[in-house]
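**Student:** Sequence:
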Amino acid sequence: MSLNLHNDSNVYILGAGFSREAGLPLVSDFLIRLRDSHPWLQKEGRLEEAESVAKVLQYRLDAASAAYWTKLDLENIEELFSLASSTSGNLSQHIQTAIAATLDYAFTATGGNPPIYLSSSDHEYDWLAKAPWTSPAPQAIRDTIRNPYAVRLYSYYIAQLLGMLNDGHAQGENTFISFNYDTLLEDSLSDLGITFGYGLHKGAATSDVSAQAQRGEYQVEVLKLHGSINWGRRGKRTRRLTQYGSYADLRNDGAAPELIPPTWKKVFQDQLAQVWDASVQALRNATRIIVIGFSIPPTDLHFKYLMAAGLKDNLSLRKIVFINPAAEALKHRARDLFNPHYLENGLIEFQPLTLKGLCEHGNQLKELGRPMLGIFAHRIP
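The working numbering applies: residue 462 is where the sequence shown begins, and numbers increase by one.
A portion of the hints provided could be inaccurate.
Once the Cα atoms are required to be at most 25 Å apart in a straight line, the calculated BS3-like pairs of lysine-lysine come out as [what the hints assert, rightly or not]:
no. : residue 1 : residue 2
1   : Lys792    : Lys780
2   : Lys780    : Lys817
3   : Lys792    : Lys773
4   : Lys827    : Lys792
5   : Lys827    : Lys817
6   : Lys532    : Lys516
7   : Lys765    : Lys780
8   : Lys516    : Lys504
Estimated spans, in silico, between C-beta atoms of each pair [to be verified]:
no. : residue 1 : residue 2 : range
9   : Asp604    : Lys780    : 29 to 35 Å
10  : Gly818    : Gln554    : 23 to 29 Å
11  : Leu508    : Arg700    : 24 to 30 Å
12  : His763    : Ala787    : 18 to 24 Å
13  : Thr571    : Arg607    : 53 to 59 Å
14  : Ala770    : Arg603    : 25 to 31 Å
Hints in this document: simulated from the structure, not taken from any laboratory. Yeah, the Cβ is synthetic: ideal placement off N, Cα and C, and Gly gets one too.
Could you put the whole structure together from the sequences, leaning on the hints where they help?
**Tutor:** Right, here's the structure in full:
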């Protein structure tokens with residue numbers, strides 16, 4: 462009998478904290494950013510999206526009476542959208558559009574993916590000059606840093622996670638399971654020349670001409686459990702998804718984003734059921750699971766059963782690492798999810814780090830088989 466063993470199969474699970482440095486909101490401040498988006502959308506002439514935002518805000522106002530009798534925090538979108546899914550079915554499409562428009566606004570307003578500059582004094586790293594995902598830095602930067610090469614911030618982060626800063630190539634097997642709707646990850650993989658797939662069966666989706674990065678032989682799976690702002694359906698009657706290169710391409714084609722809002726009432730069917738099946742399989746093969754910026758919400762039972770189903774037949778797992786500034790609070794929630802034995806013997810770790818901290822913390826990356834040796838990253842204010 463052959464055993465299904467893997468020695469370098471990393472599964473990265475991404476929560477909202479992963480995208481925080483790009484200016485994208487968390488659950489706790491999403492409604493604030495949604496309010497901010499309305500005048501911007503109107504100014505940009507994006508009136509249908511502005512109307513969807515207005516309808517969500519009107520529902521927030523109308524729902525205030527529900528909090529008189531029950532303990533509801535209607536400034537928390539998980540609770541607000543959960544209430545909406547139970548009482549106001551015709552709001553569903555407006556919620557999806559409002560979420561996508563708010564993310565687009567937040568990213569655009571903050572310019573959330575600035576360049577970072579990599580340099581090295583070691584000749585072993587001359588590949589930096591030849592890498593297709595780096596570009597020469599402007600003269601003003603070269604005047605202060607020796608041999609700097611520019612790369613976008615999140616492309617640098619993903620390069621770190623994939624072990625690309627050793628020789629320019631991705632190391633091992635890598636899968637990303639994401640609860641996020643944004644396309645920061647996909648944009649970064651495209652920058653790095655890494656082909657990716659969304660875990661969908663052949664024929665379940667089509668790629669728009671704008672989605673060139675999703676074609677070819679996949680090196681990495683990007684499994685977006687709650688959908689994506691660049692996924693949509695052309696027409697209300699079609700069951701087939703179309704994958705676009707960006708949310709802007711989706712909007713220009715008149716499609717509506719395919720998202721599952723953060724509610725207790727999540728229904729996974731059709732293509733998203735395929736994504737969940739692929740995620741379970743990835744967890745079965747994982748050597749390491751690195752959870753970045755996910756807070757294990759007490760209401761999210763789907764995460765609990767995803768982990769249970771994936772780890773049930775896993776023979777390769779060596780460690781689960783949670784990367785989150787609120788590591789202590791996370792540790793308490795994890796006791797309701799994992800066997801206490803694994804928490805006590807160190808097989809499940811909690812590191813009080815942000816994504817930035819993880820990528821600048823050499824020892825932690827070294828443990829994950831992703832050291833950065835001889836390369837220096839420079840942030841210019």
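**Student:** Which earlier hints can't be squared with this structure?
**Tutor:** 9, 10, 13, 14
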